[in-house]
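K.L.:
These are the residues of each chain, in order.
Number of protein chains: 2
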Amino acid sequence: MTPDFSLPNYLAGQRELIDRALAAYFCEETREYKTICAAARYSLLSGGKRIRPVLCLAAAEAVGGIAGEVMPAACALEMIHTYSLIHDDLPAMDNDDYRRGKLTSHKVFGEDMAVLAGDALLTEAFHILTDREKMPGMSPDRLLTVASEIAAAAGYRGMVGGQALDVRAEGKKGDLADLYTIHRHKTGALLRISLRAGAILAGADKDALAALSAYGERLGIAFQIADDILNVEGDSELMGKKTGSDAALGKVTFPQLLGIDASRARAAELVTEAVSALEGFDDKAAPLRALARYTLDRKS
Amino acid sequence: MTPDFSLPNYLAGQRELIDRALAAYFCEETREYKTICAAARYSLLSGGKRIRPVLCLAAAEAVGGIAGEVMPAACALEMIHTYSLIHDDLPAMDNDDYRRGKLTSHKVFGEDMAVLAGDALLTEAFHILTDREKMPGMSPDRLLTVASEIAAAAGYRGMVGGQALDVRAEGKKGDLADLYTIHRHKTGALLRISLRAGAILAGADKDALAALSAYGERLGIAFQIADDILNVEGDSELMGKKTGSDAALGKVTFPQLLGIDASRARAAELVTEAVSALEGFDDKAAPLRALARYTLDRKS
Chain A
1 MTPDFSLPNY
11 LAGQRELIDR
21 ALAAYFCEET
31 REYKTICAAA
41 RYSLLSGGKR
51 IRPVLCLAAA
61 EAVGGIAGEV
71 MPAACALEMI
81 HTYSLIHDDL
91 PAMDNDDYRR
101 GKLTSHKVFG
111 EDMAVLAGDA
121 LLTEAFHILT
131 DREKMPGMSP
141 DRLLTVASEI
151 AAAAGYRGMV
161 GGQALDVRAE
171 GKKGDLADLY
181 TIHRHKTGAL
191 LRISLRAGAI
201 LAGADKDALA
211 ALSAYGERLG
221 IAFQIADDIL
231 NVEGDSELMG
241 KKTGSDAALG
251 KVTFPQLLGI
261 DASRARAAEL
271 VTEAVSALEG
281 FDDKAAPLRA
291 LARYTLDRKS
Chain B
1001 MTPDFSLPNY
1011 LAGQRELIDR
1021 ALAAYFCEET
1031 REYKTICAAA
1041 RYSLLSGGKR
1051 IRPVLCLAAA
1061 EAVGGIAGEV
1071 MPAACALEMI
1081 HTYSLIHDDL
1091 PAMDNDDYRR
1101 GKLTSHKVFG
1111 EDMAVLAGDA
1121 LLTEAFHILT
1131 DREKMPGMSP
1141 DRLLTVASEI
1151 AAAAGYRGMV
1161 GGQALDVRAE
1171 GKKGDLADLY
1181 TIHRHKTGAL
1191 LRISLRAGAI
1201 LAGADKDALA
1211 ALSAYGERLG
1221 IAFQIADDIL
1231 NVEGDSELMG
1241 KKTGSDAALG
1251 KVTFPQLLGI
1261 DASRARAAEL
1271 VTEAVSALEG
1281 FDDKAAPLRA
1291 LARYTLDRKS
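Chains A and B, in that order, give the protein sequences. For the first sequence, our numbering begins at 1 and goes up steadily by one. For the second sequence, our numbering begins at 1001 and goes up steadily by one.
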């Protein structure tokens, strides 16, 4: 990693690798699986930011591993994220028509197929994570640990639990503690585990794992605060979806509870803490440090 | 296994064990997870027939294993089955108000929470399957094989794929080949893997696994034919849900394509083949043989 490390170039390169790897899945478009695979691919290959796989690969490299060797796990994390977006966008949930600048899954394929496309993506993620042929160099022990941690982070103790809290919090009063709880589960758990998954597969020791977890926890909340701010102030063209939707749904957000300026200050604090957590790492952690700082500047 | 083996007694005993094991999951009803756990438990503990876990335990015993050691995997299979029912019952899918004699999940908890309860059950199934502490005696290799096979059987190549075919087939003409394809995926794949999972975890050899797979494939189709017949002729009180719903939805079924008598004859043939596949097994396979025959007689 040279001192003139460029995050935009790094992200563009990683995303290209990730998109190419993702495109290799759900390709068994025989007559039998045509519609469900098309629906899964539509959402999976719609040009997201790929934050979770980027974190997974960067964590593997930060501890001295090889990014390519953990790519299947990185793809599985993006599948889990994508399934959660498809289900969140459903009429019974957030009822969003657009996502990443494209019609949402249920607007294109119908609600029934959108539910199933999400189910298929979630299930395939665990198929990849437990398939020794996908990551042939990995010990069965590491694969099990990673699959188990991801399942815990994605399920009712994590992402799904956070989403359940979120849908029930809509239109009700909530305080800052509630909001942290929701986001620690809804988005934080999967971001944190994305880092841990890459690091565990790359053979990280206990201290490195703890540091990456601490980094991930801060990053997760900072990321969510930035998301909330973008929902108020962002450019809907750049975002590829409506802004102001949180307020319309009566959602409790950081800007609403803290105001925009204090939200921004809190996010900056969290980013500083996240970067500090990586003190013990060398230049191979440069992408993770840059990614944390980028949280404050992103426009979409 | 004595000659006076009683299937009803056997099933009642197994179901009690399975229900007790299932009740131990989703019990972390802290304030944080209360609603999502209540929704997951509501459907999971609503007294289903527990066919998949029964098959998993019976397969483990048929190859000389100990049922209790594979119980977590058996519970995971029931979680996957339950999630699929919750999502199938949604208004956007089959729009069923009743299941197992109780209101469906979305009627009780709302559509949003029903989607999430299904997601939570599916994810938790893979958490259980990859958690070494749940099945401490098992080698990581076996656990990975079972988790991977279950993911393949539950996802787009199996159950979800079959459901996708099914929702798109509604109201269209279909022939017998299409119908077999749908059911081999929609119900057959998970029944087959239930047997394989129990047997693999119990250390079955290749021949035993192949025989159990052949048994499972026949049983799966016979089971579906019996289901279709019950949907036409069954007692809705015993079934705990509306009968005649397939016809109302314009679904292609075995009775519609073959007639009731030929459907019954085909199911009987399949049961004979299923039992023949177990020729090489001793009396420890008596429950599996009895279960196959029971397919023809069940009333709900």
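The hints are simulated quantities; they were obtained by calculation from the structure and are not laboratory data. Predicted model only: the values in this text are computed from it and were never measured. Any given hint could turn out to be false.
[Stated by the list, open to error] Here are the simulated DMTMM-like cross-link-like pairs (lysine to aspartate or glutamate), alpha carbons at most 20 Å apart as the crow flies: (1) 1251(B) x 141(A); (2) 1251(B) x 1279(B); (3) 206(A) x 141(A); (4) 1107(B) x 111(A); (5) 134(A) x 1149(B).
[Said to hold, decoys possible] Every beta carbon over 12 Å from chain B, so not counted as near; a handful from chain A, in silico: (6) 114; (7) 217; (8) 264; (9) 279; (10) 284.
Even for Gly, the Cβ is constructed at its ideal location relative to N, Cα and C.
K.L.:
For residue 134(A) and residue 1149(B), compute the direct alpha-carbon distance and say whether it is at most 20 Å.
P.N.:
14 Å, holds
K.L.:
Would you mind confirming whether the straight-line C-alpha gap from residue 206(A) to residue 141(A) stays at or under 20 Å?
P.N.:
16 Å, holds
K.L.:
Would you say residue 114(A) is clear of chain B, with no C-beta pair closer than or equal to 12 Å?
P.N.:
8 Å, violated
K.L.:
Would the hint linking residue 1251(B) and residue 141(A) be met if the CA-CA limit is 20 Å?
P.N.:
45 Å, violated
K.L.:
If I take the minimum Cβ distance from residue 264(A) to any residue of chain B, is it greater than 12 Å?
P.N.:
28 Å, holds
K.L.:
For residue 279(A), is the shortest beta carbon distance to chain B beyond 12 Å?
P.N.:
32 Å, holds
K.L.:
Run the C-beta distances from residue 217(A) to all of chain B and say if the shortest one exceeds 12 Å.
P.N.:
Holds, since 16 Å exceeds 12 Å.
K.L.:
Do the alpha carbons of residue 1251(B) and residue 1279(B) lie within 20 Å of each other, as the hint requires?
P.N.:
36 Å, violated
K.L.:
Evaluate the condition: distance from the CB of residue 284(A) to the nearest CB of chain B exceeds 12 Å.
P.N.:
At roughly 29 Å from the nearest Cβ of chain B, residue 284(A) sits farther out than 12 Å, so the non-interface label holds.
K.L.:
Are the Cα positions of residue 1107(B) and residue 111(A) separated by 20 Å at most?
P.N.:
Distance of about 18 Å is within 20 Å: holds.
Comparing the model with each numbered hint stated earlier shows that hints 1, 2 and 6 do not hold.
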